[in-house]
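Visitor: Please build the complex by placing chain G on the supplied structure of chain C, with the hints as guidance.
The lines below spell out each chain.
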Amino acid sequence: MKEKVISNQSLPSTAEPIQRLVQELNKLPGIGPKNAQRLAYYLLRAPEEQTQLLAETIASIKRQTTLCPICFNVTATDHCLICRNPERDQTKVCIVEQPQDILALEHTRIYKGLYHVLHGAISPTEGVGANDIRITELLERLKNKLITEVILATNTNLEGEQTALYLNHLISPLCIKLTRLAQGLPFGTELEYADDITITRAFEGRQGF
Amino acid sequence: MSRPRTYQTEAIIIKKIKLGEADRILTLYTPILGKIQAVAKGIRRPKSKLAGHLELLTHSTVSFARGRNLDTIIGSQTIDSFLPLKSDLSLTAYALYTTELINQFTAEYIENRPLFQLLLETLHQLCLTGNRELLLRHFELHLFKEIGYRPQLRECVVCRQPLQPVLNYFSSDTGGMLCPDCRLTQTIVYPLSVDALKVLRWLQDNDFITISRLKIEPKLSHELERVSRNYIKYLLEREVKSVAWLDSLKQSTQLI
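For the record, the sequence lines run as chains C and G. To convert, note that position 140 of the first sequence is 140 in the numbering used here; the numbers rise steadily by one, no gaps. To convert, note that position 200 of the second sequence is 200 in the numbering used here; the numbers rise steadily by one, no gaps.
Excised from the complex, chain C in its bound form (with noise of 0.2 Å):
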């Protein structure tokens, strides 16, 4: 990935450490160099603790959390609250590429189970292949008897489709039930607007009123 740079030259009438700030900050993800100018600033202006507990909670990231060992979720603790609670659903593991996507589905308090996040998904022209996500870890968990059905939720992109693919091709000798999100129509859309595909499988995955 490009590295974001500003340059010295353009602001040398700033403080030495309110434009190592800006740089810092224009390295994150959808801020740009004016953001990144802003933030800085404002948290210049911020009382002391602000400053003091933000830049202590960034620190903690790093220091207080690690992967839970059996889904790959981030946890502060050995295992993850979804791993280490018993009312969970044994027998079911849902597939996500990200820990991000355990919020979304966990949102929406249907589905009672497990998770295992692959961090990642089969990307070959970014050099992404199955060793570089956690494929292994999961052939290896889905050794345990009790696991009878796997859900795929990667995402319905080309890598997130690829990723299932590839896992129904190592998966489905196992004999264990392997099922996939089901696709079709988003809610709050409009028919008119939606693509082949979307409506391809809208119509395969269609059910009685």
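It is worth saying that the hints were derived from the structure and are not from the lab. Source: prediction; values computed, not measured. Using N, Cα and C, we set each Cβ at its ideal position, and we do this for glycine too. Incorrect hints may have been included.
To be verified - Distance ranges between label pairs, derived from CB positions: (1) C/L81 <-> G/E217: 16 to 24 Å; (2) C/A46 <-> G/G20: 19 to 27 Å; (3) C/V74 <-> G/E108: 37 to 45 Å; (4) G/P4 <-> C/N131: 43 to 51 Å; (5) C/T148 <-> G/L128: 35 to 43 Å; (6) G/P4 <-> C/H79: 26 to 34 Å; (7) C/H79 <-> G/E217: 37 to 45 Å; (8) G/H222 <-> C/R84: 48 to 56 Å; (9) G/P4 <-> C/T189: 24 to 32 Å; (10) G/E217 <-> C/T148: 38 to 46 Å; (11) C/H169 <-> G/A107: 35 to 43 Å; (12) C/V74 <-> G/H222: 42 to 50 Å; (13) G/I110 <-> C/R84: 31 to 39 Å; (14) G/E155 <-> C/N131: 38 to 46 Å.
As the list claims (entries may be wrong) - Below, simulated DMTMM-like cross-link-like pairs (lysine to aspartate or glutamate); rule was C-alpha separation at most 20 Å, straight line: (15) G/K18 <-> C/E97; (16) G/K41 <-> C/D195; (17) G/K18 <-> C/E48; (18) G/K241 <-> C/D132; (19) G/K49 <-> G/E10; (20) G/K15 <-> G/E111; (21) G/K241 <-> C/E192; (22) G/K47 <-> C/E190; (23) G/K15 <-> C/D195; (24) G/K250 <-> C/E126; (25) G/K49 <-> C/D132; (26) G/K15 <-> G/E108; (27) G/K250 <-> G/E146; (28) C/K34 <-> G/E237; (29) G/K47 <-> C/D132; (30) G/K145 <-> G/E237; (31) G/K49 <-> C/E126; (32) G/K47 <-> C/D101; (33) G/K233 <-> C/E126; (34) C/K112 <-> C/E126; (35) C/K27 <-> G/E21; (36) C/K27 <-> C/E16; (37) G/K250 <-> C/D132; (38) G/K241 <-> C/E24; (39) G/K47 <-> C/E192; (40) G/K47 <-> C/D196.
Guide: Quick look at chain G alone, frame taken from chain C:
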């Protein structure tokens, strides 16, 4: 006269990278403008009207608004989404390989209509059943021609004599064949059997319809693949990333 603020073209989406919260920068290959880049805003949100029409390996009509730096995509309608191709793991890998080659070998805003047609036709042909390896070799050979690297397969590039039906040699440096007498003039050469040379010449001269009738042995197919890949690596001076995935898929399907 100023240029119009919006324009429309058909395009094949060959690359995408994330930008900001929900946007992407897409690389598109078009018949008239050649390779272009544009921003697709909000495309990563589930309710995006454009997302399905702008996925990788999709042939679409796309409208753009000119921007200061990059143009912005304002509308899109799918022409062909190549669904059979996207529902098959290895076909997708083959298709991504072709688009990666197009992306690597072309510069922005250079019109090459035959190359667009070649990519489009190759994606169509991949959806139909046929010899995928031969399709790729055909694609590569015609890609070389369109970008000015057409290999000389008829005569020896050093002595200019027609090649005899014996074991000859391919040299990436000189972009063509060497006869057994001249092969020592180059340091790196790859032996090419009489059959392999015949297939390469045939692919160079024929279109898709005729190549679907050709059947070749796996050994010959490997030989062709090796020569072609080495030539590509020489021209690009780097590896083609999607090759690794293509190979690992080939291996795993052979095992099962």
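Visitor: Decide, hint by hint, whether the structure agrees.
Guide: Evaluated hints:
{"no.": "1", "hint": "C/L81 <-> G/E217: 16 to 24 Å", "result": "violated (57 Å)"}
{"no.": "2", "hint": "C/A46 <-> G/G20: 19 to 27 Å", "result": "holds (25 Å)"}
{"no.": "3", "hint": "C/V74 <-> G/E108: 37 to 45 Å", "result": "holds (39 Å)"}
{"no.": "4", "hint": "G/P4 <-> C/N131: 43 to 51 Å", "result": "holds (48 Å)"}
{"no.": "5", "hint": "C/T148 <-> G/L128: 35 to 43 Å", "result": "holds (39 Å)"}
{"no.": "6", "hint": "G/P4 <-> C/H79: 26 to 34 Å", "result": "violated (60 Å)"}
{"no.": "7", "hint": "C/H79 <-> G/E217: 37 to 45 Å", "result": "violated (54 Å)"}
{"no.": "8", "hint": "G/H222 <-> C/R84: 48 to 56 Å", "result": "holds (51 Å)"}
{"no.": "9", "hint": "G/P4 <-> C/T189: 24 to 32 Å", "result": "holds (30 Å)"}
{"no.": "10", "hint": "G/E217 <-> C/T148: 38 to 46 Å", "result": "holds (45 Å)"}
{"no.": "11", "hint": "C/H169 <-> G/A107: 35 to 43 Å", "result": "holds (37 Å)"}
{"no.": "12", "hint": "C/V74 <-> G/H222: 42 to 50 Å", "result": "holds (45 Å)"}
{"no.": "13", "hint": "G/I110 <-> C/R84: 31 to 39 Å", "result": "violated (58 Å)"}
{"no.": "14", "hint": "G/E155 <-> C/N131: 38 to 46 Å", "result": "holds (45 Å)"}
{"no.": "15", "hint": "G/K18 <-> C/E97", "result": "holds (15 Å)"}
{"no.": "16", "hint": "G/K41 <-> C/D195", "result": "holds (17 Å)"}
{"no.": "17", "hint": "G/K18 <-> C/E48", "result": "violated (35 Å)"}
{"no.": "18", "hint": "G/K241 <-> C/D132", "result": "holds (14 Å)"}
{"no.": "19", "hint": "G/K49 <-> G/E10", "result": "holds (18 Å)"}
{"no.": "20", "hint": "G/K15 <-> G/E111", "result": "holds (18 Å)"}
{"no.": "21", "hint": "G/K241 <-> C/E192", "result": "violated (37 Å)"}
{"no.": "22", "hint": "G/K47 <-> C/E190", "result": "holds (9 Å)"}
{"no.": "23", "hint": "G/K15 <-> C/D195", "result": "holds (19 Å)"}
{"no.": "24", "hint": "G/K250 <-> C/E126", "result": "holds (19 Å)"}
{"no.": "25", "hint": "G/K49 <-> C/D132", "result": "violated (32 Å)"}
{"no.": "26", "hint": "G/K15 <-> G/E108", "result": "holds (13 Å)"}
{"no.": "27", "hint": "G/K250 <-> G/E146", "result": "violated (29 Å)"}
{"no.": "28", "hint": "C/K34 <-> G/E237", "result": "violated (38 Å)"}
{"no.": "29", "hint": "G/K47 <-> C/D132", "result": "violated (30 Å)"}
{"no.": "30", "hint": "G/K145 <-> G/E237", "result": "holds (18 Å)"}
{"no.": "31", "hint": "G/K49 <-> C/E126", "result": "violated (26 Å)"}
{"no.": "32", "hint": "G/K47 <-> C/D101", "result": "holds (16 Å)"}
{"no.": "33", "hint": "G/K233 <-> C/E126", "result": "holds (17 Å)"}
{"no.": "34", "hint": "C/K112 <-> C/E126", "result": "violated (34 Å)"}
{"no.": "35", "hint": "C/K27 <-> G/E21", "result": "holds (14 Å)"}
{"no.": "36", "hint": "C/K27 <-> C/E16", "result": "holds (17 Å)"}
{"no.": "37", "hint": "G/K250 <-> C/D132", "result": "holds (18 Å)"}
{"no.": "38", "hint": "G/K241 <-> C/E24", "result": "violated (31 Å)"}
{"no.": "39", "hint": "G/K47 <-> C/E192", "result": "holds (13 Å)"}
{"no.": "40", "hint": "G/K47 <-> C/D196", "result": "holds (15 Å)"}
When each numbered hint is compared with the structure, violations occur for hints 1, 6, 7, 13, 17, 21, 25, 27, 28, 29, 31, 34, 38.
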